[in-house]
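> Given next are the chains, with one letter for each unit.
There are 2 protein chains.
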Amino acid sequence: MTRQRLYLYDTTLRDGQQTQGVQFSAAEKTEIALMLDALGVDHIEGGWPGANPTDSEFFAAAPATRATMTAFGMTKRAGRSAENDEVLAGVLNAGTPAVCLVGKTHPFHVHEALGISLEENLDNIRASVAHLVAEGREALFDAEHFFDGYAENPDYAVLCLKTALEAGATWVILCDTNGGTLPAEVGRVTRAVIVAGIPGARLGIHTHDDTGNAVACALAAIDAGARQIQGTLNGLGERCGNASLTTLIPTLMLKEPYRSTLEIGVTAQGLSQITRISRRLDEILNRPPLRAAPYAGSSAFAHKAGLHASAILKNPATYEHVDPALVGNQRIIPMSNQAGQSNLRARLAEAGIEVCRDDPALARILDLVKLREDQGYAYDGAQASFELLALGELGRMQHFFDVERYRVTVERRKNAIGRRISVSEAVVVVRIGGERMLSVSESVDEQGEDLGPVNALWRALAKDLGPYQANISDMHLVDFRVRITGSGVDATTRVIIESADGQGRRWATVGVSPNIVDASFEALVEAIRWKLIRDGVKPA
Amino acid sequence: MTRQRLYLYDTTLRDGQQTQGVQFSAAEKTEIALMLDALGVDHIEGGWPGANPTDSEFFAAAPATRATMTAFGMTKRAGRSAENDEVLAGVLNAGTPAVCLVGKTHPFHVHEALGISLEENLDNIRASVAHLVAEGREALFDAEHFFDGYAENPDYAVLCLKTALEAGATWVILCDTNGGTLPAEVGRVTRAVIVAGIPGARLGIHTHDDTGNAVACALAAIDAGARQIQGTLNGLGERCGNASLTTLIPTLMLKEPYRSTLEIGVTAQGLSQITRISRRLDEILNRPPLRAAPYAGSSAFAHKAGLHASAILKNPATYEHVDPALVGNQRIIPMSNQAGQSNLRARLAEAGIEVCRDDPALARILDLVKLREDQGYAYDGAQASFELLALGELGRMQHFFDVERYRVTVERRKNAIGRRISVSEAVVVVRIGGERMLSVSESVDEQGEDLGPVNALWRALAKDLGPYQANISDMHLVDFRVRITGSGVDATTRVIIESADGQGRRWATVGVSPNIVDASFEALVEAIRWKLIRDGVKPA
Numbered sequence: 001m002t003r004q005r006l007y008l009y010d011t012t013l014r015d016g017q018q019t020q021g022v023q024f025s026a027a028e029k030t031e032i033a034l035m036l037d038a039l040g041v042d043h044i045e046g047g048w049p050g051a052n053p054t055d056s057e058f059f060a061a062a063p064a065t066r067a068t069m070t071a072f073g074m075t076k077r078a079g080r081s082a083e084n085d086e087v088l089a090g091v092l093n094a095g096t097p098a099v100c101l102v103g104k105t106h107p108f109h110v111h112e113a114l115g116i117s118l119e120e121n122l123d124n125i126r127a128s129v130a131h132l133v134a135e136g137r138e139a140l141f142d143a144e145h146f147f148d149g150y151a152e153n154p155d156y157a158v159l160c161l162k163t164a165l166e167a168g169a170t171w172v173i174l175c176d177t178n179g180g181t182l183p184a185e186v187g188r189v190t191r192a193v194i195v196a197g198i199p200g201a202r203l204g205i206h207t208h209d210d211t212g213n214a215v216a217c218a219l220a221a222i223d224a225g226a227r228q229i230q231g232t233l234n235g236l237g238e239r240c241g242n243a244s245l246t247t248l249i250p251t252l253m254l255k256e257p258y259r260s261t262l263e264i265g266v267t268a269q270g271l272s273q274i275t276r277i278s279r280r281l282d283e284i285l286n287r288p289p290l291r292a293a294p295y296a297g298s299s300a301f302a303h304k305a306g307l308h309a310s311a312i313l314k315n316p317a318t319y320e321h322v323d324p325a326l327v328g329n330q331r332i333i334p335m336s337n338q339a340g341q342s343n344l345r346a347r348l349a350e351a352g353i354e355v356c357r358d359d360p361a362l363a364r365i366l367d368l369v370k371l372r373e374d375q376g377y378a379y380d381g382a383q384a385s386f387e388l389l390a391l392g393e394l395g396r397m398q399h400f401f402d403v404e405r406y407r408v409t410v411e412r413r414k415n416a417i418g419r420r421i422s423v424s425e426a427v428v429v430v431r432i433g434g435e436r437m438l439s440v441s442e443s444v445d446e447q448g449e450d451l452g453p454v455n456a457l458w459r460a461l462a463k464d465l466g467p468y469q470a471n472i473s474d475m476h477l478v479d480f481r482v483r484i485t486g487s488g489v490d491a492t493t494r495v496i497i498e499s500a501d502g503q504g505r506r507w508a509t510v511g512v513s514p515n516i517v518d519a520s521f522e523a524l525v526e527a528i529r530w531k532l533i534r535d536g537v538k539p540a
Numbered sequence: 001m002t003r004q005r006l007y008l009y010d011t012t013l014r015d016g017q018q019t020q021g022v023q024f025s026a027a028e029k030t031e032i033a034l035m036l037d038a039l040g041v042d043h044i045e046g047g048w049p050g051a052n053p054t055d056s057e058f059f060a061a062a063p064a065t066r067a068t069m070t071a072f073g074m075t076k077r078a079g080r081s082a083e084n085d086e087v088l089a090g091v092l093n094a095g096t097p098a099v100c101l102v103g104k105t106h107p108f109h110v111h112e113a114l115g116i117s118l119e120e121n122l123d124n125i126r127a128s129v130a131h132l133v134a135e136g137r138e139a140l141f142d143a144e145h146f147f148d149g150y151a152e153n154p155d156y157a158v159l160c161l162k163t164a165l166e167a168g169a170t171w172v173i174l175c176d177t178n179g180g181t182l183p184a185e186v187g188r189v190t191r192a193v194i195v196a197g198i199p200g201a202r203l204g205i206h207t208h209d210d211t212g213n214a215v216a217c218a219l220a221a222i223d224a225g226a227r228q229i230q231g232t233l234n235g236l237g238e239r240c241g242n243a244s245l246t247t248l249i250p251t252l253m254l255k256e257p258y259r260s261t262l263e264i265g266v267t268a269q270g271l272s273q274i275t276r277i278s279r280r281l282d283e284i285l286n287r288p289p290l291r292a293a294p295y296a297g298s299s300a301f302a303h304k305a306g307l308h309a310s311a312i313l314k315n316p317a318t319y320e321h322v323d324p325a326l327v328g329n330q331r332i333i334p335m336s337n338q339a340g341q342s343n344l345r346a347r348l349a350e351a352g353i354e355v356c357r358d359d360p361a362l363a364r365i366l367d368l369v370k371l372r373e374d375q376g377y378a379y380d381g382a383q384a385s386f387e388l389l390a391l392g393e394l395g396r397m398q399h400f401f402d403v404e405r406y407r408v409t410v411e412r413r414k415n416a417i418g419r420r421i422s423v424s425e426a427v428v429v430v431r432i433g434g435e436r437m438l439s440v441s442e443s444v445d446e447q448g449e450d451l452g453p454v455n456a457l458w459r460a461l462a463k464d465l466g467p468y469q470a471n472i473s474d475m476h477l478v479d480f481r482v483r484i485t486g487s488g489v490d491a492t493t494r495v496i497i498e499s500a501d502g503q504g505r506r507w508a509t510v511g512v513s514p515n516i517v518d519a520s521f522e523a524l525v526e527a528i529r530w531k532l533i534r535d536g537v538k539p540a
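If you read the protein sequences in the order shown, they are chains A and B. Numbers 1 to 540, taken from UniProt numbering, label the letters of the first sequence in order. Numbers 1 to 540, taken from UniProt numbering, label the letters of the second sequence in order.
Chain A extracted, bound-state conformation:
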């Protein structure tokens, strides 16, 4: 059976930027655009050039992508030509192959928000789209508030779509801008629009999650014949977010009827990367990842209930709707569970740590993990620390060095020419074997900018570790994540540090303390210890 093509239009970088608390730099937009391209979406809506300086900057150096790079804007204002509309000119100046313009299709908005007549609005749509086409761009039309507009005046709403298509738009997209339309109505209206003469093959759907139905509404429109979905990674977006492509892509590829009847631009390889891409986006934005996110969440395949866990071990199909490996995720049987011991043995074996089935250390490790997690530690994202914990309980921990003391100083003052500067300095006293070493380091980058106390501490630690120096010298810090956990008197700081070495390894360690420098110190020391163990170093 020949599958029909379904197109994915990603607006993470534009609608996703409207998420409260989200601010992309141009460099971050570039990295995300490349991830989206590798994933296999068809359009990447990069932002609104001219309106947002960061977006202009991004488009000025936008990466080359297979996906069609698209600039967002709005239809021209009344009272001037499309050629003379400076906002539209700003959008075109970004030079993208495609441009998507949002325009009104709801009489209430035409009158209230724009203060013009229905006829003038149609002219704005027609002239704007025609101008894009004349400039050699692919033109897309986002029909704002479509479902509310259709409810008030269905003929006018459809006429807006037809006007855009006749002016040369390749796609017209039904936008549920307020997010208040339920799936049944989205399906009904989409079918009616197609019956009224808008071809499904040129119809897109853009939904929001204000009733928790963004994904369902997108699917309802596809069921009704639409063939483009606009969404974002991780459901980013205004208010409650857009339809999550992270959630939709696996469903479209793995579940009927979509798997058999529709084809998207994402390959099986791309699908297997979706968990990693989802988590990388959260890292870039330093947003705590949503554990319960479908497919990609760390809990998506976590089977806590005792019944579920023991059944799963016998046969995963009993409690999993898809194989987590297909989306690059993994099954978890959380540590707090009875069935956890066999899972623990399996995880330790993966780390090269063999433990006999009945070793009482297994139960001790589970208890210690629980205890530490109550204190604020998190081993989900700090596998290396988990391994060190296990080795400790198994009596296999080796003792390489001891930090007798450290002192970190941050000073802010005026320099000799009266300019305010900040200086961080760290002193560490390390004992290795019988020897005692003192090291001091400042923390400045090539521009002379102070990188802070944690960086100073790391440099001092790494400066002179005696017999271990060679092993440490190819090690560097890759990422540093801070979370304040608990609240009030229980508040404490959790620091996760990611390290990498010259042999391609990457590992993450965790430290917890009310004192952020101390928490960082704990994570740093663990990072070094893990590296020494993995390098097979013998303690001095």
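These aren't lab readings, by the way, just hints derived from the structure by calculation. Errors might be hidden in some of the hints.
Note: identical chains are not told apart, hence a pair may lie in one copy or across any two.
Using 20 Å as the maximum straight-line C-alpha spacing, the simulated SDA-like pairs for lysine to any residue come out as follows [what the hints assert, rightly or not]: (1) Lys162 with Asp123; (2) Lys162 with Gly270; (3) Lys538 with Glu435; (4) Lys370 with Gly50; (5) Lys370 with Pro53; (6) Lys538 with His399; (7) Lys162 with Glu152; (8) Lys162 with Arg126; (9) Lys414 with Val403; (10) Lys370 with Thr54; (11) Lys538 with Arg431.
Keeping the supplied structure of chain A fixed, place chain B upon it in accordance with the hints.
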């Protein structure tokens, strides 16, 4: 038109307990049960007594509720009578007016998980339900894996339901246990089940969010005629969670067709409490609230896009699908680089800062906000810093004090008795008027625990501010949030500090620097300046 009754069955305390990282104490279960009762749900599934010690403890002292307190369990094992099944006895011993038993309806599970025949399974269902009824309890039957079972053997699946009903169950609930069924199929199967003879008025639906469709699947079943929804507050639950009642209740009460055709046990008063209840649950569990949650999330009515914000000011109906007040939430127009001048004037007016419409400072303020946001500042969550920025551009900023320099030291060493301790100390040199003051402070709490460099810096700053001391003395830090923005050479630290004073004010300020202590310092100084301005203090 007479509305039909739709019943809400809450399983926050049972299925919700299967959320990774969630652990209810019996006291917490009691508090949540009372919240659920005040909200207006019909059944409260409190847990699995006998199987979970905390649940037995909860049921032993369960609060009196209008809602029907319900114990969860499973159908009897084969080879013994219902009366002699000790797990079932444990469930009954809790003495609840209702009991809900989960049982198999999927031949694969009957054979694989239970290792019994289809006939024996029917007998387990029949005998268990009959036993509950004989014991004077309301009996409910959760048909596990129903949609997968129906796909494999529809007749058997329906027969299981009929068996339960004939044995006296008041409700039989179709459970999408793996969460893999899409809404269209849920609707189709529910309709088929009703056609096969199961009355919709005794049919419930229990969905999970593994494809992001838990809410949509619940609505699909209701559209098809089911009349009970099983869900949880805030979508807690195994893996990706259950259908969120926090999301469903407002939709059922405010949106067509449900508003006109169905009636639930929640009143308008209860609905107006749903945001508060949702957030209180997150507080109890110390989970960060989901900002993007439909209806109850802090971002649910946050309008960041410039177009949206200016339209909203004219008429909220333009971009809101429901009035936030109905669910006890509020509209937010965050300050960010997309806000326009009219929005800016409105925000400043709310802060008591009047600015004329054409004041050129407005454009300068917007530009400065954009510039700062490019540097890593975020004013969404730091309203007080935004106000200071505006006052600066308006030439209305007052100069209270100057921090000439500071030095913060964190030291980790062994104390006199050989115990490892951590000590943070800060020295600040402040110039006020013509005077120069030096202050030093350590940072320890009542237990002698070191609270870190930022806390030390705060204490030193707040220790002696000369003429301003009285204003500072009732000020304290409430929250401290750190985010590393950018990456690699662009990485910098953003700190947001939330402060509170004795007059009930709370305000947030932001600081940015690669050095986390310096970023914190900036936020601290702004917090003090804001306080002094709000207190109407005259600079010395």
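> It remains to establish, for every hint, whether it holds in the given structure.
Here is how each hint holds up against the structure:
1. Taking identical chains as interchangeable, the C-alpha atoms of Lys162 and Asp123 lie at most 20 Å apart only when both belong to the same chain, with a minimum of 12 Å there against 62 Å between chains.
2. In the homo-oligomer, the alpha carbons of Lys162 and Gly270 never lie at most 20 Å apart, since the shortest distance is 35 Å inside one protomer and 45 Å across protomers.
3. Taking the closest pair of Cα atoms, Lys538 and Glu435 come within 20 Å of each other only inside a single copy of the chain (16 Å); across copies the shortest separation is 59 Å, beyond that limit.
4. Taking the closest pair of Cα atoms, Lys370 and Gly50 come within 20 Å of each other only across two copies (13 Å); inside a single copy the shortest separation is 52 Å, beyond that limit.
5. In this assembly of identical chains, the alpha carbons of Lys370 and Pro53 lie at most 20 Å apart only when taken from different copies (8 Å versus 47 Å within one copy).
6. Taking CA atoms no more than 20 Å apart as the test, Lys538 paired with His399 passes inside one copy only; the shortest distance there is 9 Å, against 60 Å between copies.
7. In the homo-oligomer, the alpha carbons of Lys162 and Glu152 lie at most 20 Å apart inside one protomer (18 Å), although the nearest pairing across protomers, at 45 Å, exceeds that limit.
8. For the homomeric pair Lys162 and Arg126, the shortest alpha-carbon distance inside one copy (9 Å) is at most 20 Å, but the shortest distance between copies (60 Å) is not.
9. For a Cα distance limit of 20 Å, the shortest separation of Lys414 from Val403 across copies, 10 Å, qualifies, whereas the shortest one inside one copy, 33 Å, does not.
10. Only between protomers do Lys370 and Thr54 lie at most 20 Å apart by alpha-carbon distance; the minimum there is 9 Å, versus 44 Å within a single protomer.
11. For the homomeric pair Lys538 and Arg431, the shortest alpha-carbon distance inside one copy (16 Å) is at most 20 Å, but the shortest distance between copies (55 Å) is not.
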